[in-house]
Structure formats: structure tokens, C-alpha cells
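Can you make the complete structure from the sequences, with help from the hints?
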Amino acid sequence: MQVTMTVNGVEVTREVEPRRLLVHFIREDLRLTGTHWGCDTSNCGVCVVLVDGTPVKSCTMLAASAGGHEVRTVEGLEQGGKLDPIQDAFMEKHGLQCGFCTPGMMLTSRALLDANPDPSEDEIREAISGQICRCTGYSTIVRSVRWAAEQEQKARDGESAAGSTADEGTHETADHERAGATA
Amino acid sequence: MQTPAPFEYARATSIDDALRLLAEGGEDAYLLAGGHSLLPMAKLRLARPELLIDINDLTDLSYIRRDGDWLAIGALTRHAELLASGEVGELFQLAHDAERVIADPVVRNRGTIGGSLCQADPAEDLSTVCDVVGAEVVIRGRGSERTIPVTDLHAGPYETTLARGEMLTEVRWPIHARTSSAYEKVERRVGDWAVTAAGASVTLGSDGTIVDASIGLTAVGVQGTIDAARDALVGQQPSEQVFAAAAQAAAAASRPSDDTRGTAEYKRHLADELSRRVLRRAAERAASGS
Chain R
308 MQVTMTVNGV EVTREVEPRR LLVHFIREDL RLTGTHWGCD TSNCGVCVVL VDGTPVKSCT
368 MLAASAGGHE VRTVEGLEQG GKLDPIQDAF MEKHGLQCGF CTPGMMLTSR ALLDANPDPS
428 EDEIREAISG QICRCTGYST IVRSVRWAAE QEQKARDGES AAGSTADEGT HETADHERAG
488 ATA
Chain G
36 MQTPAPFEYA RATSIDDALR LLAEGGEDAY LLAGGHSLLP MAKLRLARPE LLIDINDLTD
96 LSYIRRDGDW LAIGALTRHA ELLASGEVGE LFQLAHDAER VIADPVVRNR GTIGGSLCQA
156 DPAEDLSTVC DVVGAEVVIR GRGSERTIPV TDLHAGPYET TLARGEMLTE VRWPIHARTS
216 SAYEKVERRV GDWAVTAAGA SVTLGSDGTI VDASIGLTAV GVQGTIDAAR DALVGQQPSE
276 QVFAAAAQAA AAASRPSDDT RGTAEYKRHL ADELSRRVLR RAAERAASGS
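Protein chains in written order, with our numbering: chain R, 308 to 490; chain G, 36 to 325.
Hints were generated in silico from the structure; no laboratory data involved. Positions of the beta carbon are idealized from the N, C-alpha and C atoms, including for glycine.
Stretch-level coverage of chain G by chain R, calculated; a stretch enters the list once three of its residues show a Cβ under 8 angstroms from a Cβ in chain R:
#1 37 to 44
#2 69 to 80
#3 85 to 99
#4 134 to 147
Simulated restraints on C-beta separations:
#5 Arg-199/G to Ser-446/R: 46 to 56 angstroms
#6 Glu-433/R to Leu-79/G: 26 to 36 angstroms
#7 Thr-196/G to Glu-382/R: 46 to 56 angstroms
#8 Pro-209/G to Arg-321/R: 42 to 52 angstroms
#9 Asp-51/G to Glu-382/R: 39 to 49 angstroms
#10 Arg-321/R to Leu-79/G: 25 to 35 angstroms
#11 Gly-256/G to Glu-382/R: 43 to 53 angstroms
#12 Thr-196/G to Glu-457/R: 53 to 63 angstroms
Pulled from the structure, derived: some chain G residues nowhere near chain R, Cβ distances all over 12 angstroms:
#13 Gly-61
#14 Arg-265
#15 Gly-270
The structure is reproduced here in C-alpha cells:
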């Protein structure tokens, strides 16, 4: 059967078997291998993508069911050569080590911040509770999401106070954190 | 890689279209809602659908609305939508207690109430919720519609009384005054199925007496609510002794089995303890009017 959907803003059409799972459609048919494939049983969450802005485990959704919908993968976080604040955050706060869970973690975090720009630590932990990380103990992921929330708040404040020096402050914080983390 | 056996796929454009496809699809045509039970089972070849009828476009099956003394919930309503509904949380506190511990937030974005009930998994939390509140379900076929108590929907583990060609379209929860409820489950890890869970609903009279109550248990071999537990509660003032008697009656009615989640003895202990906790919390909520 033929399936057409929008992936990271681009309309794609492919011939697929009806049983094709969305994760394999993304990875193998579209060659977007940033979406990982893990447990295959909707437990681990490494395959999370956004469908119409909502986090979904793509190992447990048919590609056919995504037809007509908007899919966003980790490759779609970067916009116009600029990383999403959540991507900057995972670097700044060491939100990853091996990186296997990272794409799913970042997409769920992106959806969380879009719905709730100022989440508490508990709300962040709840949001990512369907996703497993075996490296970080989650602490640095939670810190990353908080950091991204704060950066986005500063950016919004900067926009409302045109010509402010908010951007400069952001970089100072980042450099300080980087030095502290590697010390 | 786990891949389902090949099947045909059709996307229903209306309820009537879904019913037509079901009727024409025969024995091995299945409705695909959230897919978080059916697709894993198809991957393991425990389910071998010949035709999957995707009903995710049927937005007219996705709603939560007040209908007189009932809360009507469309079959395609997702777990996340139930949890986000203030009306559900206010009127049926046990449903929010349960939803917070059903799978995880990402799974809850897909899974639906209709799918959960039709999967008829003995460990399904929403089945117990529906039993405890005295839910009814609306079942449609081609040119037919019937409403039955949810206890008549479930025939046994993974088995419903739906006839071929029928679909569940709505779940109805009766709204009672001075009634509150609670649900609690013990799971091995976040998002897992229950080792054991309990749900209770308590209605208090104006003098504080329990005038109606129900207790249901999850994953311990009990379908429907437990009459002996209700009998221990009705006409009594809420107290620890009354809750203990009802909880013991509930645990005595359970038929757990040993498995990887625990021994039957442990689950029976949980049935007793969790019943006490949900009764206590439901009665507190009813007394405070929350």
C-alpha cells in the first residue's frame, strides 16, 4: 500500500507493507537513523517520535497509521542550522553518555516544554518515565530539561525586552557550567 | 526484529464504515485503536489478524461529556485524555488514581478506553475501574445498538461477549452524589502490570453512614465487584474495623495464582491491604466532599 506523511516538514510517499512499523519505516525506508530501535515492546522508549506533536513509541504504531499525519524525529529538532535548545541543553548538562536513549528523551522533553514551559523536576521525571536510560541515572537528563526551560524563558524575556543583553548572559552561564562539569 | 504476520489494512472513515468493514472482513478482522495491546500480540503471533481496521480517524468516538446522571466516554478516548479531564478527576477519583499508574505517559498518549476494555486483560486497571463505578458500555453492530453492564462485556481472560461485527462505541459511568472512590496498585516497576490492585467506591448518607459501596480487584482472578465486601460496609459508619472486615472479605474472594509477579499468598495479602487503603481514602474523600 502507499503511505504519505509529513516527516520533519517534508512530505514523503512510499510503498509499504501494511505491517510495516513506523520505527522501521523511519529508519530503513527514509534512512533517518536518529530514531533508535530498542526493546520492540513499547517499554524502553528509544523509538519515541512526535506524531502531530505528541510523543509516541514508533515500534508500536504502524507506518500506515501515520499516513496523513506530521511526524517529527530527532533530525527535525535542528532548525535552519541552529540546534534546538533541548539539544544544547543535553550537551551543556551532560544529558547523555552512550546516546542510545537520547533522541527519544529529547523529543519527549521538547513536547513537554511545548506544553509546559516551566516544568518541575517531578513533572520532568513523570514525562520521561516511559523511557529507559542506563547511563545517567536520569539526574543529568532532568537538569538538561530544566536548563532548556530556563534558556527558553530567557529568550522569551529577551524578545519582550528588545535589544537586551540576555543572550550574553546565557553564554556566560554555559561557559561556567562547561568548566565546572569537566573539572 | 518482531514483525506481525502480513495483514490487510483499511482505514475506517466513519463508525458505519468500520462496522461494514468488520462485517465484510469476517472472522479475523480486528479493529485497531491505540494498538498497544494488539500490535505487541500480533508481533508475538498471539494475534493473527487478516485485516486491521484502523479507527483512529473516528474523532466522533473521542469525547468525555456529561449526559444527565452519566459521564459518557467515547471508546477512542485516550488514557492521556482521561487523565487530563478535570471532570473525570472530580467525579471518579479512582479513574485518575488508576490512570497515573497505567503504563507510562507516552503509552497513555495512544492507548484507549475502548481498546483496554475489549482486550479484557485480567490485569487491566480500567476494567476494575469500570466494574467499581458500575459502568455500562454501548455496543453497536450494523443496524443494532445495545447497552450492557460492563460486567456482561467480559466473558473471561482476553474474552468478551462482543459478537463478530460488533464494536464498543461508548463507556458510561453513573454519577452518584456523596460518592468518592480510590484506586491503588502494587507493580514491580513503573508502568508494569499490576501484581495486585484494588479499587473502591463509597457513598455516604447525610449522617455519615455508608449507604453504598463497591470493591474490585485487579489481576487476582476476580471479575466484577465483590458482594461480600459490600455487605460488610453498607449500613456501617466508616471505621478501620469495618474497612478491615470488608478488605478481608475481598481478599477471601480473590483467586490469585503464583507467577513471576509474586506468590498467590503475597497477592492475597496485597488484596487485603490495598482494599483497606482504597476504602480509607475513598471514605475520606467522600467525607470531605472531594
